[in-house]
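Undergrad: Below, each chain spelled out in residue letters.
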Amino acid sequence: MIAVIDTGICNLRSVTKALEAVGASIRVVRTPAEVAAANARGLVLPGVGALRDCVASLRASKLDATVRDWIAADKPFLGVCLGMQALFEHSEEGNITGLGIFPGEVVRFRRPPELKIPHMGWNTIRFVQPHSALSAQLATEGEAFYFVHSFYCVPTNPALVLAECDYGGVFCAAIARGRVFATQFHPEKSQAKGLQVYRNFAVIAVGNSP
Amino acid sequence: MLAKRVIPCLDVHDGQVTRGVQFGRAEKGELRNVGDPVELAVRYNDQGADEMVFFDITASAHGRATMVDVIERVALRCFMPLTVGGGIRTLEDMQVMLKAGADKVSINSAALANPDLIRQGAEKFGSQCIVVSIDAKRVGPDRWEVFSHGGRKPTGLEAVSWARRAVGLGAGEIVLNSIDADGTKAGFDLEITRRTSEAVGVPVVASGGAGTLEHMASVLLEGKADAVLAASIFHFGEFTVSEVKRFLAQRNIPVRI
Numbered sequence: 001m002i003a004v005i006d007t008g009i010c011n012l013r014s015v016t017k018a019l020e021a022v023g024a025s026i027r028v029v030r031t032p033a034e035v036a037a038a039n040a041r042g043l044v045l046p047g048v049g050a051l052r053d054c055v056a057s058l059r060a061s062k063l064d065a066t067v068r069d070w071i072a073a074d075k076p077f078l079g080v081c082l083g084m085q086a087l088f089e090h091s092e093e094g095n096i097t098g099l100g101i102f103p104g105e106v107v108r109f110r111r112p113p114e115l116k117i118p119h120m121g122w123n124t125i126r127f128v129q130p131h132s133a134l135s136a137q138l139a140t141e142g143e144a145f146y147f148v149h150s151f152y153c154v155p156t157n158p159a160l161v162l163a164e165c166d167y168g169g170v171f172c173a174a175i176a177r178g179r180v181f182a183t184q185f186h187p188e189k190s191q192a193k194g195l196q197v198y199r200n201f202a203v204i205a206v207g208n209s210p
Numbered sequence: 001m002l003a004k005r006v007i008p009c010l011d012v013h014d015g016q017v018t019r020g021v022q023f024g025r026a027e028k029g030e031l032r033n034v035g036d037p038v039e040l041a042v043r044y045n046d047q048g049a050d051e052m053v054f055f056d057i058t059a060s061a062h063g064r065a066t067m068v069d070v071i072e073r074v075a076l077r078c079f080m081p082l083t084v085g086g087g088i089r090t091l092e093d094m095q096v097m098l099k100a101g102a103d104k105v106s107i108n109s110a111a112l113a114n115p116d117l118i119r120q121g122a123e124k125f126g127s128q129c130i131v132v133s134i135d136a137k138r139v140g141p142d143r144w145e146v147f148s149h150g151g152r153k154p155t156g157l158e159a160v161s162w163a164r165r166a167v168g169l170g171a172g173e174i175v176l177n178s179i180d181a182d183g184t185k186a187g188f189d190l191e192i193t194r195r196t197s198e199a200v201g202v203p204v205v206a207s208g209g210a211g212t213l214e215h216m217a218s219v220l221l222e223g224k225a226d227a228v229l230a231a232s233i234f235h236f237g238e239f240t241v242s243e244v245k246r247f248l249a250q251r252n253i254p255v256r257i
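Line by line, the protein sequences are chains A and B. So the first sequence is numbered by my numbering: it starts at 1 and just counts up by one. So the second sequence is numbered by my numbering: it starts at 1 and just counts up by one.
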């Protein structure tokens, strides 16, 4: 069982359908009690929209503490897009204080005008941590994923970076520490390669037969 | 490197994909039935389409309910970005489509009637969700006018300044559709596409006029578009999405193969 957090603003359905497509059983959760009751072995924090709403929703439901404890215990976790950005200390998007689980900033793309913002579309990434369980069955370099974002994470500790992407300069496309992962791109919108990411996470969380 | 996107567009009428020859012909009953939207979407998904756009060309209450069902079924099988347009007039309309599985909503006449809808949508759902679609017609050597209501009503607005204003209000993407070129298969309007793309900081999707592979390359290179949208050439099997991409790759245009 994988629990998927509903912050009320995200396109939850894409994420739950992607997890189901790779054979995972999922439960949508809205409160810490629901997380506990689900007896879940993995926790997913999707997010799309405005970071302020995402973080405010986590605080209001007290799921911020759940996420913090979950990650501190190194239980399988996957954050997606805003679900990655929310983990850091601070974001330039509306001067938001994040959950501060990882030291670092979320900053706006500063690029020459010919590079359109949002960074929207398919871009290739390079995995920089060798043999990560999240990148199983994926090429180390050159797999394309779907991105749509105007801000990106800058972890204070460079060892946290799992994958990099280049858009007028290299930025952090994914992070990993132990069994905790987060991606700036949307695996649920990245066709077969994206489903492979969810399949890998399901294996990490649940074992060989999600 | 960020890839240029190839986007099949499905015009949906009463739950079926159709294609009118030119603006306004749908009302005259000149529609060619193309097939089931979910089956077509799955086919384009398998061909490596980068995104898909669904337009509800009936834009009635009944049409909208049908569209929700279409999007829900497509989202079960196609794990790729989906945009829905046609008849979206309120934040509630947007929310219904996003909940059904759409990633972006495309607004046109409603944004012209009430530009603040762009701002409200961007604030509530994020700029990345809000696509403003512009139907532009050349009305002078140096002037393109924005038309509303499926290309029927002149608005008096100049296309590039409307695009700039829409982005200022929070649009995360512009679809620039040339009324002159649409349905002709004679090529995109490169000039208005380039002017729009140079004027705004968000991605611009070129639409209307795709007839050959060279047209696609031209609008990405000379027209400076970030993506190409086409319907007929895909629906009637003239080219597959993968053929388009292979051609673009040969022209050194970055695409996802």
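It is possible that some hints are incorrect.
Said to hold, decoys possible - Here are the simulated lysine-lysine pairs, DSS-like style, with alpha carbons at most 25 Å apart:
hint, chain 1, residue 1, chain 2, residue 2
1, A, 193, A, 17
2, B, 185, B, 153
3, A, 62, B, 124
4, A, 75, A, 17
5, B, 124, B, 185
6, B, 224, A, 62
7, A, 193, B, 99
8, B, 124, A, 17
9, A, 193, A, 62
10, A, 62, A, 75
11, B, 124, B, 153
12, A, 17, B, 99
Derived by calculation from the structure, the hints in this document are not laboratory data.
Undergrad: All the hints need checking, so say for each whether the structure fits it.
TA: Against the structure, the hints come out as follows:
1. As the CA atoms of residue 193/A and residue 17/A are separated by approximately 15 Å, the hinted pair is consistent with the 25 Å bound.
2. Only pairs whose Cα atoms come within 25 Å are accepted, and residue 185/B paired with residue 153/B is accepted, the gap being roughly 23 Å.
3. About 22 Å separates the Cα atoms of residue 62/A and residue 124/B, which keeps this hinted pair within 25 Å; it holds.
4. Taking the CA atoms of residue 75/A and residue 17/A, the gap is about 22 Å. The hint holds against a cut of 25 Å.
5. For the hint linking residue 124/B to residue 185/B, the alpha-carbon distance of about 38 Å lies beyond 25 Å, and the restraint is violated.
6. As the CA atoms of residue 224/B and residue 62/A are separated by approximately 47 Å, the hinted pair breaks the 25 Å bound.
7. Restraint check for residue 193/A and residue 99/B: satisfied, since their Cα atoms lie roughly 24 Å apart, inside the 25 Å limit.
8. The hinted pair formed by residue 124/B and residue 17/A meets the criterion: a straight-line CA distance of about 23 Å does not exceed 25 Å.
9. With a C-alpha separation of about 33 Å, the suggested pairing of residue 193/A with residue 62/A is violated against the 25 Å cut-off.
10. Note on residue 62/A and residue 75/A: the hinted pairing holds, with a Cα-Cα distance of about 18 Å set against a maximum of 25 Å.
11. Between the alpha carbons of residue 124/B and residue 153/B the distance comes to roughly 29 Å, so the proposed pair goes past 25 Å and is violated.
12. A C-alpha spacing of about 12 Å is found between residue 17/A and residue 99/B, which places the hinted pair at or below 25 Å, so the restraint holds.
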